[in-house]
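Enquirer: In order, the protein sequence lines correspond to chains A and B.
Its first residue numbered 1, the first sequence is counted upward by one per residue in the numbering used here.
Its first residue numbered 1, the second sequence is counted upward by one per residue in the numbering used here.
Hints may contain errors.
Said to hold, decoys possible - The following label-pair restraints were derived from C-beta to C-beta distances: (1) Asn254/B with Gly162/A: 54 to 64 angstroms; (2) Ala24/A with Met105/B: 14 to 24 angstroms; (3) Met62/A with Arg107/B: 17 to 27 angstroms; (4) Val72/B with Asp60/A: 34 to 44 angstroms; (5) Trp9/A with Thr154/B: 20 to 30 angstroms; (6) Asp258/A with Lys66/B: 34 to 44 angstroms; (7) Thr255/A with Ala25/B: 50 to 60 angstroms; (8) Asp189/B with Asp60/A: 53 to 63 angstroms; (9) Trp9/A with Leu209/B: 16 to 26 angstroms; (10) Val126/A with Asp189/B: 51 to 61 angstroms; (11) Pro155/B with Ser48/A: 20 to 30 angstroms; (12) Leu209/B with Ala172/A: 22 to 32 angstroms; (13) Met192/B with His132/A: 25 to 35 angstroms.
Claimed, not checked - If you only want the chain B side, here are some residues facing chain A, beta carbon under 7 angstroms, derived: (14) Phe34; (15) Arg75; (16) Ser78; (17) Leu127; (18) Pro183; (19) Tyr234; (20) Leu252; (21) Ala256; (22) Met262; (23) Ala269.
Simulated from the structure, these hints should not be mistaken for lab results.
These numbers were taken from a predicted model, which means no experiment stands behind them.
All residues carry an ideal CB built from backbone N, CA and C; glycine is no exception.
What follows is the residue order along each chain.
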Amino acid sequence: MTRASPAIWAQRAFMTLLAAFIAAPLVVVTGVSFNDSRRMSFPPTHFSLTWYKDFFGDPDWMTSLKATLTISSMAALISVAIALPIAYAAWRYRSRVSKVLAGVGAGLFLLPGVVVAVMFSAFWGVTGHVGHIENVAFSHAAVFMGIPLSLLAVGFESIDRGLLEAAKTMGAGEADAFRMVIRPAMTPYIICALAYVFVLSMNEYLIAYMVAGFTVQTLPIRIFTNMRAGYEPTMCVAAVLFMAVGFCIFSLLATIGDLPKLMGRQRPLRN
Amino acid sequence: MSEAVALAAEPYAKRRSFGQALILAAPAIFLAAFCITPIILLIQMSFAHHDDGGLWSPGFELTQYKALADPVFLRVVSFSLLLAASTAVVTICIAFPAAYFISRMRRRAQVAWLVFVLGALSLSEVLIVFAFQVLLSSSGVVVKTLVDLHLMATPHSLYPNLGAVVICLVYLVLPYVILFLYPAVSQLDEEMPQAASTMGASPLRTFFLVTTPLMRGPLVSSAALVVIFTVSSYLTPLVLGRPETWTVGVHLSNTAMDAGDMPLAAAQAVVLVTAIIGLLALVRRLGGGGRTAPV
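Next up, chain A with everything else stripped away, as it sits in the complex (with noise of 0.2 angstroms):
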C-alpha cells in the first residue's frame, strides 16, 4: 500500500468537513423529531415516537399533507408536459420558435422568487380565481420549466442520430423511430425532471403563499407559521418526512438512471 499524499489528506479533511456541514441541520431536525421533550433541543434525551403520532394524527397537518402531494405531482406534470415539445421540436427540427420558447420558458427560474411571488399575486388577482390550489401548482409549474426545459434539452442531444438514420434506411416509420429509439432514451431523463419540479414545487414557500397562502397551506406555509407562532415538535415531523422524501426519490432516480449523466456529465466515468 502506498502511503496517501497530504494533498490527498487535506482533500478528504476538506470533503468530511462539507459532508459534516450539510448534513448537520438533517441530523439536528431528525434528532428533535425523536425526542420525547417538548422542549427544542438538541442532542436528543429521550427516544420517543409520540410526536409522529401527533403528527399523522392531526386532521390539518394531514389536509396540509394532501394539498402539497397536490400542488406538487400537478406542477410537475404540467411543467414537463409543456416542457417535452419545445425540446423536442428544438432537437428534430432545429426550430427557431422552439428556441425562443424555450428562453422564455427558463426566464422564470432566473428571476428572484419574491419578484415571481408578487407577479403571480397579482396575475392571480386580475383573473379573478383566486386562493385555489391549482393556481399554486401552474405558477410553480411556469417558475420551475427552466428545469425540465435544460435536462429534456441534454436527453435529446445524448440521443445517436446515427441510430435514427439507421431505423429509417431500415423502414422504420416516425412512429417506429420514436418507439424504438426516442422513448427509452428519453424515459430517465422525464423521469428525472419530473422528480426534480415535484420535489422543488413540494418545498417552495413564498409563492404558494402569496398565490393562495390564505386558503390552500401547503407543508412549508403551515411549518413556517408554527415557526412564527412558537416551537412545536410536530413541525419536526414534517420536516424529516420532507427530507425522506427527497433523499428516497433521488436515491431512487439514482439506481433507475445514470445519475452522473442526467447531472450533465459527459465524459464517460470509469467503475
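Chain A is already provided as a structure; the job is to place chain B on it using the hints.
Expert: Just chain B now, with coordinates in the frame of chain A:
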C-alpha cells in the same frame, strides 16, 4: 437539378412546419399565459395608482418610482448587493473544490455525493432556516460546545445576527453551485494539470494557475446565480437577521403583503430585475459562455 431538389423538399418542409406548429401550439399558449402575461402585468402595475386597502387601479404615474429614490431603499439595495457578493465569494470557495473533488471520485462515491447534494438542494428554505435556529439556539449543540471549550462565558443564542444569515445563505446556495459547476469541472482536461505537475508545479499551484483560469466562465456565471438568489432572499434574513440586515427581498414582500401596496412592490421588483439584468450583461462580458448544468 437544384429545382428538382427544391420541388422534392417543398412538401416535406410544409409537413415539417405543420408538425412543428401542432406540437408547439399548447406550450406557446401556456408560456404566453403564465410567463409573459404576468411579467407585462407586473410592469403595468408598477405605473398604476395605489388605492387604500391593498387595491390598485390602472393608470400611468411615476409615484412609485419617485418613492424608490429615497435613501432608505437605496441603502437596503446596496446592503443586499454587498451581502449577496460576500455570499457568492464564500460559496464558490467551498463549491468549486467540492465539485472538482466529486467529479474525480469513483462512480459509487460520486453518485452518493450527487444524491446527497441533490437532497440538500431540494430542502425547503423554511426547513433549513428552522434547523439553523435549532442549531444556533442557546440550548443548541454549537453553543454548548463553545461553552465547554470556554470560548463563550455564558450560553446565549447565536442569532439574530449577520453571521448566522451568511452561513444559512451559503448553505442554501451551496448545492446549486456545486451542481452547476459539476458538468464543467467533469469536462476539464486532465492533461494540462498533469503537464503542470510533471514540470514540477505543486498541486495547489496547479489548481490556482491552471485549473481555475480554465473555469472562469462557469465560475463567474455561478457567482451571478448566487447573487440573484441572495439579493432577494426572504426567510433567512427575516428569521436569522435583524431588521437592519433585511434584504430587498424582505422589504419587497413586506410592501406587498403587510403594507398591501402592490404598485410599489411591483416597482421595487422592476428595479430589482433591471439591476439583475444589468449584472448578467456585465457577467456575460466578463466570463463568456462556458458550460452550464441542467440546474
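Enquirer: None of the hints should be skipped; say for each whether it holds.
Expert: Here is how each hint holds up against the structure:
Checking the proposed 54 to 64 angstroms range against Asn254/B and Gly162/A shows it holds: the Cβ atoms sit about 57 angstroms from each other. For Ala24/A and Met105/B, the Cβ-Cβ distance of about 22 angstroms falls inside the hinted range of 14 to 24 angstroms, so the restraint holds. For Met62/A paired with Arg107/B, a C-beta distance near 40 angstroms fails the hint of 17 to 27 angstroms. Checked against the given bound of 34 to 44 angstroms, the beta carbons of Val72/B and Asp60/A, roughly 39 angstroms apart, stay inside it.
For the pair Trp9/A and Thr154/B, the beta carbons lie near 37 angstroms from each other, so the given range of 20 to 30 angstroms is not met. Taken as a hint, the range 34 to 44 angstroms is violated for the pair Asp258/A and Lys66/B, whose Cβ atoms sit roughly 55 angstroms apart. At about 37 angstroms, the CB distance of Thr255/A to Ala25/B disagrees with the hint of 50 to 60 angstroms. The hinted range of 53 to 63 angstroms is satisfied by Asp189/B and Asp60/A, whose Cβ atoms lie roughly 56 angstroms apart.
Hint check: Trp9/A to Leu209/B, Cβ distance near 22 angstroms, so the stated range 16 to 26 angstroms holds. Taken as a hint, the range 51 to 61 angstroms holds for the pair Val126/A and Asp189/B, whose Cβ atoms sit roughly 53 angstroms apart. About 25 angstroms separates the C-beta atoms of Pro155/B and Ser48/A, a value consistent with the hinted range of 20 to 30 angstroms. Checked against the hint of 22 to 32 angstroms, the pair Leu209/B and Ala172/A fails, with Cβ atoms roughly 52 angstroms apart.
A hinted range of 25 to 35 angstroms is violated for the C-beta pair Met192/B and His132/A, which are about 56 angstroms apart. Annotation: interface hint on Phe34/B holds; nearest CB of chain A at approximately 4 angstroms, less than 7 angstroms. For Arg75/B, the interface hint is violated, since its Cβ never comes within 7 angstroms of a Cβ in chain A; the closest pair sits about 18 angstroms apart. The criterion of a C-beta within 7 angstroms of any C-beta in chain A is not met by Ser78/B, whose closest approach is roughly 16 angstroms, and the hint is violated.
The interface hint given for Leu127/B is met, as the beta carbon of that residue sits about 5 angstroms from the closest beta carbon of chain A, less than 7 angstroms. A distance limit of 7 angstroms between C-beta atoms decides the matter here; for Pro183/B the minimum to chain A is near 3 angstroms, and the interface restraint holds. At its closest, the beta carbon of Tyr234/B sits 6 angstroms from a beta carbon of chain A; the interface hint therefore holds under the 7 angstroms criterion. Taken as an interface hint, Leu252/B checks out: its beta carbon lies about 5 angstroms from the nearest beta carbon of chain A, inside 7 angstroms.
Evaluation of the Ala256/B hint against chain A yields a held restraint, the C-beta minimum of about 5 angstroms falling below 7 angstroms. Using the Cβ-Cβ criterion of 7 angstroms, the hint placing Met262/B at the interface with chain A is satisfied: the shortest such distance is roughly 6 angstroms. Taken as an interface hint, Ala269/B checks out: its beta carbon lies about 4 angstroms from the nearest beta carbon of chain A, inside 7 angstroms.
Going through the hint list in order, the structure does not satisfy hints 3, 5, 6, 7, 12, 13, 15, 16.
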